[in-house]
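K.L.:
Please take these sequences and the hints and turn them into a complete structure.
Sequential numbering of the sequence shown, starting at 1, is according to my numbering.
No wet-lab data here; the hints were simulated from the structure.
Built from N, CA and C at the ideal position, the CB exists for glycine as well.
You can trust all of the hints, since none of them are fake.
Label pairs and their computed distance ranges (CB to CB):
#1 262 <-> 81: 40 to 50 Å
#2 106 <-> 53: 34 to 44 Å
#3 211 <-> 131: 39 to 49 Å
#4 229 <-> 40: 19 to 29 Å
#5 256 <-> 99: 18 to 28 Å
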Amino acid sequence: MTGKFSGKVAVITGGGSGIGKATAKAFVEEGADVLIIGRSLDGLKQAVQELGGEARNVHFSVADVRNADQVTAAFIEVDRRFGGLDILFNNAGINLVGSVDQLSEEDWDNCLDINLKGAFLTSREAIPRMRRRGGGVIVNNASNAGLVARAIDPAYCASKAGLIMLTRSMALAHAADRIRVNAICPGPVSETGLLLEHLEGQPDPNAAIASILTTAPLAAAMGRMITPEEVAAAVLFLCSDEAQMITGAVLSIDGGKSAGIQR
Numbered sequence: 001m002t003g004k005f006s007g008k009v010a011v012i013t014g015g016g017s018g019i020g021k022a023t024a025k026a027f028v029e030e031g032a033d034v035l036i037i038g039r040s041l042d043g044l045k046q047a048v049q050e051l052g053g054e055a056r057n058v059h060f061s062v063a064d065v066r067n068a069d070q071v072t073a074a075f076i077e078v079d080r081r082f083g084g085l086d087i088l089f090n091n092a093g094i095n096l097v098g099s100v101d102q103l104s105e106e107d108w109d110n111c112l113d114i115n116l117k118g119a120f121l122t123s124r125e126a127i128p129r130m131r132r133r134g135g136g137v138i139v140n141n142a143s144n145a146g147l148v149a150r151a152i153d154p155a156y157c158a159s160k161a162g163l164i165m166l167t168r169s170m171a172l173a174h175a176a177d178r179i180r181v182n183a184i185c186p187g188p189v190s191e192t193g194l195l196l197e198h199l200e201g202q203p204d205p206n207a208a209i210a211s212i213l214t215t216a217p218l219a220a221a222m223g224r225m226i227t228p229e230e231v232a233a234a235v236l237f238l239c240s241d242e243a244q245m246i247t248g249a250v251l252s253i254d255g256g257k258s259a260g261i262q263r
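P.N.:
So, in structure tokens, the structure goes:
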């Protein structure tokens, strides 16, 4: 490893599992100090232990990204632990399957609050801290569902499309602060909570996975899904000096799923 993020401080929401944990691991291996945020105390403790704990300067804060007070408290913990912030990866998110006429108002609000409002609340805390450091990077985990609509999950699609527009707006607003803001649009990704939740309701999980692969031509050709580590690699690139002139970008990591219609 090169240690290219040595001296940098990264905060990752939804950092206890899946893409979040894989990204935390990648940052730690490249020398960054990391704080992961999530709702599960046990999950966060286990993740921090796996990532090396205090010996590697990895810490956690229990917070619900829907709750402004809890988000503020998490960033106060960042200040206490590290004294500043360079990188924010807004990764926390949920899926919600159901057509508009099947969803309750509570369902809708919960999906939008976690996937979109959460990124607003964390970014609102991060931006002043990055400004004091002379710049920083925010990466938002959107989805190809924010690029190409799906019939089965309109709330999820709306939340992710909104996150893409939030990304672009913040990129424009904070370029003068040298704060870069980009989005990634991954999927289908293995070993994530969203995938496991989907497979739990399937009578034949292997058949369900095979069906998912058919929607992404490159994934189908390779016979596998995208891995969390591959998504993490893209996040690290966007946060690196190699990407210092990239802002407002939306990077698809979906094996060609959002490229267009297959004939």
